[in-house]
Structure formats: C-alpha cells, structure tokens
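**Q** Use the sequences and the hints to build the structure in full.
Quick note on the UniProt record's numbering: the sequence shown kicks off at 1 and runs consecutively.
In case anyone wonders, no lab produced these hints; they're calculated from the structure.
This one's a predicted model, so the numbers in the text were calculated from it and none came from an experiment.
Hints may contain errors.
Claimed, not checked - Straight line, CA to CA, 30 Å or less: simulated DSS-like cross-link-like pairs of lysine-lysine:
1) K248 to K188
2) K110 to K284
3) K89 to K123
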Amino acid sequence: MATPFTRRLDAVARELASKKGSGRWCASRIAAAERAILDRIPLVDLVLEVRDARIPTTSAFESLRKACCSHKQVIVLNKVDLANDSLTKKWIENFKNQNYPTCGLNAHNKDSIKELLRIVRAKLKELKFGQSKYTATILLAGIPNVGKSSIANNMHQIGRIGAAEKGKLKHAVVSPYPGETEDISSYKFGSHPNLYVLDTPGILRPEIAHYHSGAKLALTGAIKDNLLDEHELARYFLAILNLSEEYKRWVTPKDTTYSMPGSLEKHRRKGQYASDFTQDFIVKDVRQTLFDCISSFEGDLENECDMERLIESQIKALQVPLKASLESSAHRHSTVATKLLKLYRTGRLGHYTLDLVKDEQCHQCHVHWVLHFLVLLAWEMEKLDANATVATS
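**A** Below, the structure is given as structure tokens:
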C-alpha cells in the first residue's frame, strides 16, 4: 500500500493543477503573459533564459524552444550558491555541448553580475558584427522565482556605474515569493552602445508540473507554498537530505562544544530564539539534530517505511531547536516545516542539485533514482487501488 509521503510526491502537481481559483494559476493570465513575452522575442537582440541551478532542466521555459534560436539565447543558471558546485559545472558543459551558451550566476554577487555583463556584451558584439553603432535589447525569461528581477536590478545598477550613466535608478520588484512581477519593464544598463534589459513575469503552466517535477518546483520555491502542504514539502526535503552525503559535512558525533552545560554559548542563547531562527547557533543546533537522527538510525533508508519512520523522528526532534515545542500541538509540525524550508532555500542546510546530468555516476544519482522509484511505485499502487475500488463497486 502506498504511503501518504510517496503518494504526495507524485500527486503534488495534480493538486496544484486542481486549484483553479488561484490567481497565479489562472490559465488566461498565464497565456496572455506568455504571448506578450514570445511576441517580443523576434524584436530583441538576445534572450537570457534564467533557470534555477538546483533544477536546470525542470526550471526550463519550454516555450522558448520553438520561439528562440539557440544563437541568440544564453542559458543563465542562477542561484549557483545554493546548488551542488560540481553538478553545476557538469550542467553548464552539458548545455554547451547542445550548442546553448550557458553560465552560472549568483544574482546577489557583484562580481558574478559583472561576469554576466561581460558575457552579454561579448555575445552582442558577435551578433552585431560589423556594426559600429547600435542599440541592443536583451530579454530575461523564465519560470517564477528564478531571480529575473534581481538580475535586472543589478545589471541596471552595475551596468550604469560602469558606463558613468546619470539619472534616477529604477528598481524591479524583488520578492522571495513567485509571481510578483506582473508586467514587462525596461532598464538601461549600458551606453555606447545603448543597452537595455527587459524584465518579464515568470511563466509556469499547470501542465509543466508533472510527476517528480511538481515536487522539485515546489521545493525550490517556483510555486507558492500556500498552494500546497508545507509539511509534505519538508518531508520531501528530509528524504533528499537523508539519502545524501551533505549532512556528514556539518558536524561529527564528538562535536559538542556548543552544547556543554554551563557554557557561555548556552547563556548567550537566552531570549534569542523568538527573534531569528536563522542565527548561526540555531542553525548549528538544527544541523546537529538532523545529524544525530540520521547517524543513530538503524533502518534501511531505501525502504519506504523506514524512511518515513526516520522523517517522523526528525520532525519531532526539530521541534526543540526550532522552538516549535512551545506552540500548540496543532501548529508544531507546520512551524517546523516552514522554518526548515526557509533554511533549505537559503542554503543553510547544504547545497543540492535535484536534476541530474544524464549518465551521472555519483551517489546523488543513486539518491534520486531511489526517490523516483518510490514515486512511481506509489503511483502504480494508487492506480491499482482505484481499479480495485471500481471492480468492487
């Protein structure tokens, strides 16, 4: 019998698609925004397709495949600071082998933005070969919450400084939540030649989220958390963590310096938990708790029931460092889930790449094949249950 955990991994996309009342998932709005973006592609000089480096294929804006030629497109893998570095390099090489110029980016790092500007100017110079004077426009496109507005803002700010451009700075709305950009906006980022960047709304059709893709999109924040159960998302992340090697980098069983009775660290913590759970010593407590749970677990992590048992013990144990134990029993799990997801999404609990390069022979590949297997098994069991119900009705 499929468990609720694996059943949710497969069903998350179906739940999202069924929420037709959500403004962000209104089919007519999505179609209109997508059409406005695609109509501009023939008019611009270069398209930067922004993807999430943690899900390089799942976060692809598929409509670009038909609307844009590879010679005027650059794939930008943003949020490299949150992804596995070695896998990011392999993804960049993989896309380049498919004739798609690709670069990694941390949109909040000035040097990274400067490198992107260098790549953009070099590509435009190549496309405008033989033209001494020209004005060029580039378009940022992608699914929600991959960082397009942050890129536009920083290209605008840093590019203007480099060009000694004067005038009032414009700012695109930046939010950690998907779907905040609703219109196409233009920002100047260079002079001689004049260079402009178009920031666009994120486009994610309901049908793009299928099977394991829906869970990945939700976990990385491309889909609003209030559209689904955060508790299930947190369980999904814990499954990935438990099957990875990431937790081994945090602490060792002998690392107890910050938990010694009477230590200055213990006294320093008093009264600080309520203000900010992302403080270093709280994150260290969370890591230690997860490490201890995994290290002391005696079950088989490739067994679905054992995995569920470990995850439940972790969620219960995390109530202490995340101060959820002080809340009513009805809210403890949701508090742990919300805080755990934020720590993951800000890179405090490790760097993970959820999409794997084809033929990648590493432990992480094994991790996700196990997860895919569990999801597919749950789906098959669900179909068998449905058929059995029909047969007996």
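**Q** Work down the list of hints and note, for each, if the structure agrees.
**A** Do the hints match the structure? See the list:
For the proposed pair K248 and K188, the alpha carbon gap of about 46 Å is over 30 Å, so the pair is violated. Taking the CA atoms of K110 and K284, the gap is near 28 Å; set against the 30 Å cutoff, the hint holds. Between K89 and K123 the CA atoms are separated by roughly 21 Å; this keeps the pair inside 30 Å, and the hint holds.
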